[in-house]
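Go ahead and model the full structure; you've got the sequences and the hints to work with.
Residue numbers (the working numbering), protein chains in the order written: chain A, 1 to 316; chain B, 317 to 817; chain C, 818 to 1171; chain D, 1172 to 1525.
A portion of the hints provided could be inaccurate.
To be verified - Pairs of lysine to aspartate or glutamate residues, derived as EDC-like cross-links and limited to a Cα-Cα distance of at most 16 Å, are as follows:
{"#": "1", "chain 1": "C", "residue 1": "950", "chain 2": "B", "residue 2": "616"}
{"#": "2", "chain 1": "A", "residue 1": "215", "chain 2": "C", "residue 2": "990"}
{"#": "3", "chain 1": "C", "residue 1": "950", "chain 2": "B", "residue 2": "617"}
{"#": "4", "chain 1": "C", "residue 1": "950", "chain 2": "D", "residue 2": "1501"}
{"#": "5", "chain 1": "A", "residue 1": "215", "chain 2": "C", "residue 2": "1073"}
Please keep in mind that the hints were generated in silico from the structure rather than gathered at the bench.
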Amino acid sequence: FRPSAEGARLVWYGNAAHPYITEVRAGVEAFARETGVAVHCTVGQEWTQDNQNVNVEALSTQGYRGFSLYPGDPAGANALFRLLRTRGQQVVAYGAEPALPTPASFTVATDIQAAARTATEALIGFMGGRGRILNVLEAVTDVNTRKRDEAIREVVARHPGVTIAQTIADMIQLGEATTKIQSALAARAAELDGIIATGFHPTVAAAAILTEWHKDPRRKRLRFVGIDTDATVLRAIREGAIDATVAQNPFGHGYVSSALLRMLDEGWTPRREYQFIDAGLVLVTRENLDTYAAEVRRVTTQLVADLPAKYLDPPR
Amino acid sequence: MLELRGLDKSFPGVHALSDVSLRFAAGEIHGLVGENGAGKSTLMRLVTGLMEPDRGEVWFAGRRVRFRNTRESMAEGIQLVQQEIQVIPESTVAENLMLDKLVTRGWGVLDWPAIHAQARKHLEVVGLSVPPETIAKALSAAQKRLLQIAKALAARTRLLLLDEPTSCLGPHETAGLHTLLRELKAQGIALIYVTHKLEEVFALCDRVSVLRDGHHVGTHPVAGLDHDRLVRLMVGREVRDDRVGLRPVSGAPEMLRVEGLTRRGRAHDISFTLRAGEILGCYGLVGSGRTETARLLIGDDRADAGRVWVRGKPVALRSVTERVRRWRLGYVSEDRKEEGLLLGFSVLANLTLTVWERLVNRWTRRIDPASERALGRHWVDALGIQCGSLENPVRNLSGGNQQKICLAKWLAADCAILIIDEPTVGVDLGAKEQIHRVIRDLAAREGKAILLISSDMPEMIQLAHRILVFRDRRIVGEVVGEGTSCRSAAEISEAIGHFLN
Amino acid sequence: METPALTARTASALSVTAPRGEWFSGRTNGLILSFTVLFCLLAVWSPTFLSGYTMFVLARQVAFYALIALAQALCLVVGGMNLSVGAIGSMATVLLGLGLDTWGLSPWLAVPMTLGFGLASGWLNGVLIARLKLDSFIVTLSMMFLYMGLRSGISGGQSYRVPDSFTWAGQSEFVGVPLVFLVAVVVLAVMAWIFHQTVFGRYLLATGGNATAARLSGVPTGRMVVWANVLSGGFASLAAVLWASQLGAAAPETGDTWLIVSFAVAIIGGTGLSGGVISAFGLLMGAAIFLLIKHGLVEVKANPYFANAFLGLLILLTVVVDRAREMYVERVRERDPRSRSRAGERIPEGYQAP
Amino acid sequence: METPALTARTASALSVTAPRGEWFSGRTNGLILSFTVLFCLLAVWSPTFLSGYTMFVLARQVAFYALIALAQALCLVVGGMNLSVGAIGSMATVLLGLGLDTWGLSPWLAVPMTLGFGLASGWLNGVLIARLKLDSFIVTLSMMFLYMGLRSGISGGQSYRVPDSFTWAGQSEFVGVPLVFLVAVVVLAVMAWIFHQTVFGRYLLATGGNATAARLSGVPTGRMVVWANVLSGGFASLAAVLWASQLGAAAPETGDTWLIVSFAVAIIGGTGLSGGVISAFGLLMGAAIFLLIKHGLVEVKANPYFANAFLGLLILLTVVVDRAREMYVERVRERDPRSRSRAGERIPEGYQAP
Ligand SMILES: Nc1ncnc2c1ncn2[C@@H]1O[C@H](COP(=O)(O)OP(=O)(O)OP(=O)(O)O)[C@@H](O)[C@H]1O
Ligand SMILES: Nc1ncnc2c1ncn2[C@@H]1O[C@H](COP(=O)(O)OP(=O)(O)OP(=O)(O)O)[C@@H](O)[C@H]1O
Ligand SMILES: [Mg+2]
Ligand SMILES: [Mg+2]
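The structure is reproduced here in structure tokens:
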């Protein structure tokens, strides 16, 4: 495939080579294919804001009209967005919401708190409404982690029979995640009934660890719900090692943000200065393992269809 | 001026100084002699605060002093020229010289012109004519040594301690230094002078103290001493090492043949042959290109031109390893610290480094520990290396003992051809004799071919069969014996002097 | 600067250079002490600590850390370093994934291929360093970027699947001891033996101790540097294979955290930063201590946001206590002439040549 | 008396040790060459490259890289290292955020407080290293974990807002030159001046060159190590302040990528890993080269997934070419006796003592 398109007026930038970014990109490419609008797709080397700044600043010197960007740092990204806006370039954020107020016109993202709530509810359901939970959080330098944590606590608080046995965090890498989750299991598997993981790395690591854990039938059955749809996770669901995961519609993040940029470029104006577009989510269990992708796709199609009616005014 | 009362110092396994009491007077050059490891350097360190004594007192200018570092002793006007050369490689000569007294324009801002001017002055004193802006690591060992002396002299001094200051200097520089020291003495400065070269004691010192195994065994006015008596005091026995003369070896097979070996700027058109059983001396002033020649021979430096044959076969390989293994060529470097020793490693490892491959058990591929130790023991005994135990890191050994290890490693290696660069720098008399005997035996009994590089004229005369004279990176002449007759030492040095001028 | 303290100290204490191999001398004692204290504290604190599962997962993790640290230590020991350990591991993982998943090779083919890549990449590092006389820092830094780029380019960040026949190795055990741990222990023991007893190992040490002196003594220092890098690359890829086997997937991001861990464990375990000093047993202890601290923080439910801070403090505490112990030992030895003479055979720790 | 014509053995050419300040000697030539080639290539390739905007964003970025590298180089120059540059930057950012956002302090209070923290943390590193004679690697590693833990614990990952009165500094320019760049250039020039012209600077270099010899010459090496670390911490926090000002927010993750960058730029810029050698101008060039490569990869639309691979190859290419140039210069100089006699004053570059 060609990583970029000649004559493109729009840019999609993914922060680093990562399964999430790959799925978003699939959305962008599907958009480009279906509409014939060229989008220059490019990917950075690290998740950090400074790496994003270097790359996007370099891109912005080349006269593109619109940028679809993941805010590396929710507050820090705004300076970059502002820079682009002052150069007359459109900005749509995807994946996570930048700190408000933001110069971006739109954010297309899954409501992370909703996702965390859905996952927690599902887990509690699997646990039969009572028990103790291991709460596995991802990056501690990401403010979204704390938001997810809050959502989980809020749901747990609503269920009197459920408590959080322990919270572990700071695992932005599979090795780290594996070490910590294993440590936690080693320390208190006996007191645990379920595990919730709200990030890519903890979800994948936990899926692998639980697959191994449940191979020994004498071991206690631990329920698990994660948030990501990596192949390892789906396989663990299919094998019954874990219970469910939440699909956050990364495809939609790419597709819808590109569609928005195109409309902005064509002269459509946003209804309000800034709007959040929820890209939706789907709980994936063994039942809908093969159909969830189509479900997600439907959500996306619906969103794109709604754009002119709900979020933008036609060009004058 | 300086008085030591009952100084005592031990290291793990070694009693380096026991109950040493000494007095040193102003306006006197006081010689300090003793075998390697006798404790001379340790004594110097105790005086200057580099180490603290276990027991005993140091009195300076009528006061008891307890220096905790050299800064405090320097403040009292005590300067030490250490046995080991210490320079800051990346800094300039001027800086090395003036580091503790950098001239400023105030606020710590340097006045480089003034610094350089002063440095030039201090360098002139010792006759070191390099630009003060030179980076110190570019200096040769002799130049570094002179720099170190210049540094000690540059300070306001009341007591000057010199630990083997002439160990890598040529005769010319040595004479210059001695003149300087006599001037200082006349100014009422107290000097303590450590050396293994007894001629220097007689030429320079007023009194001499002898240390043996950490004990003070006597202080004598030099006037009433003769050479033999001093040797007996030091070593406790007679040392005779007075074979003189050149006897060319003929008939033995040719081991090494060098023709037109050249490396631009380092050595030019070097040609000679070396026979089995022969000790070929290379004499020359410091910087005359002998070491460079050796480095070309062992393949550590690439030659621009010239050819080398070993046992009649042309040598083409460039790496040192190949030369060592295939052609059995050994090289004892002149710089033990940088190029000779693995300082952090044990005595044993350093001694056996060159022979590990031969100690390997055929089946287990393991170095046989028993034979390794036996070998180490053998050489430690043979050269009288004082090292506490074989596991002691060589870093902890006295300078002379380190030098012996450097040499022993190659003596153990069983090379067909051995290039020895300054073998006895800093080695005491007794050991020097031992080393000489070993070198002679290697040549005479085992038929090794030896290329001996030395700036020590007596040593050269005692050992060599023939002498190549180097000047300006070329061979300018060869001194050989006539027939089977011996020449006298005076004749030989005259012949050498003839080529050098 | 005045820090050669650690290096000088370890140079004497830990060195396997004393040919009789003081496996448990000096600094190693300090490591064993720290390890024992941590272990006992955890055993008392937590009832589950001594359980089979805990020991199993910890041992497996220790094995990885030790292998990665060994890969680093091999380069440190010849006086260089290897910034590309992680990147080689990462690239190896991607190759493994390509082999097993994309090309459908059998593990018996894919694993040797992966290890081969590790050895080859180490060889490339070594050749660039030794033959072109480049700085090992710059060479391995470039290689780090190179492999990191390649692995993301090739994999797109996507994990590869691995067959069950492959995951067996990383997840199986042998009378309760993880296979991976056994592999690491055997590897370390062999390396210790090599360093103590063989010419090859001694040459590696000598090269790091003083390259010039070693070269002039006929040690093929260039070749030793190449070999050290080859082995380093090999062990990095071995760690990658075992990791993929344990994880049950070949994740391209494998290795992203190895750099710091490899250095930290190697240094805690007493490998000298300036070369010539290594202790295989120290590496194992270093890995165990590092991991016990981490595990301990989870056990005691340390605030996860602050966990790194505790980790840092504990590492610092470990070395400060160790330093105090050394100073004490030294002091005692100086005071007591009897222990001093016995100590003649042993190497005084922390002695600073003045 | 006979003094041999002085031929210099080696030198790393960037050394600022030649006191009359060979700002542009040896290796620096190589850096300027690489920079010029890259710059011209980009200028020809891309019509937008020479635009004011491109220059503006590049210059600003170069300034950060150079400052961070300086923080690292200061520790390298005394023979140590600072693994905690990034963590100090991170912690400083959080403190800045706390000051400006949570406590509502004015920038005139919050910024000095932040810089004060940087200096203090550097001081702590220095004291642990110099007084307890601990290894700088271990100390700064522990501190790295410590600050990383603290910053996430305190901030919870939340970026802090900063007032517009503060963002002014990072985003403003001065006749087209970013203020940040001016700051960095001034800082580097001052540091170069200090290293060339002051007792303090020379003492720092001497400490790194040979600590023992320096101590024997009365240089307070311990204090120099402490000072180097203090300055290092100070510049790390300065970089953090400027970054927050440019970013318009105090993001706790600031500094996470600094470690590798700081080492890479410092080393490319010719700071010796073993101490005693630094070149302020080299740091600037190193930063510029590093960034031009990165920017160039975006300009030429290199496959972004492989971008790191190209970066690695280009760095390697740069050093290999530089090495070849050095070998060539050496060869030529050896051939030509006239240039050799001059070599007494100047130092042949990159000569490797055989
Ligand atoms: N730092 C040290 N640690 C352990 N032992 C030491 C140390 N320094 C010296 N020694 C031992 O103390 C003894 C005296 O050493 P010293 O250096 O004083 O000898 P020396 O008289 O100067 O010998 P040389 O003539 O060889 O220089 C030697 O046996 C040496 O091994
Ligand atoms: N590898 C080298 N590269 C450049 N210059 C060198 C090198 N080695 C030595 N020199 C310089 O060449 C000069 C002579 O060095 P050399 O080693 O020949 O001196 P030496 O050992 O004192 O005398 P000799 O050669 O007679 O033994 C010294 O000034 C030294 O700085
Ligand atoms: Mg001595
Ligand atoms: Mg010589």
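The hints, checked one at a time:
1. 950(C) / 616(B): 15 Å, holds
2. 215(A) / 990(C): Holds, because 13 Å separates the two Cα atoms, which is no more than 16 Å.
3. 950(C) / 617(B): 15 Å, holds
4. 950(C) / 1501(D): Given that 16 Å is the threshold and the Cα spacing comes to 14 Å, the pair holds.
5. 215(A) / 1073(C): 29 Å, violated
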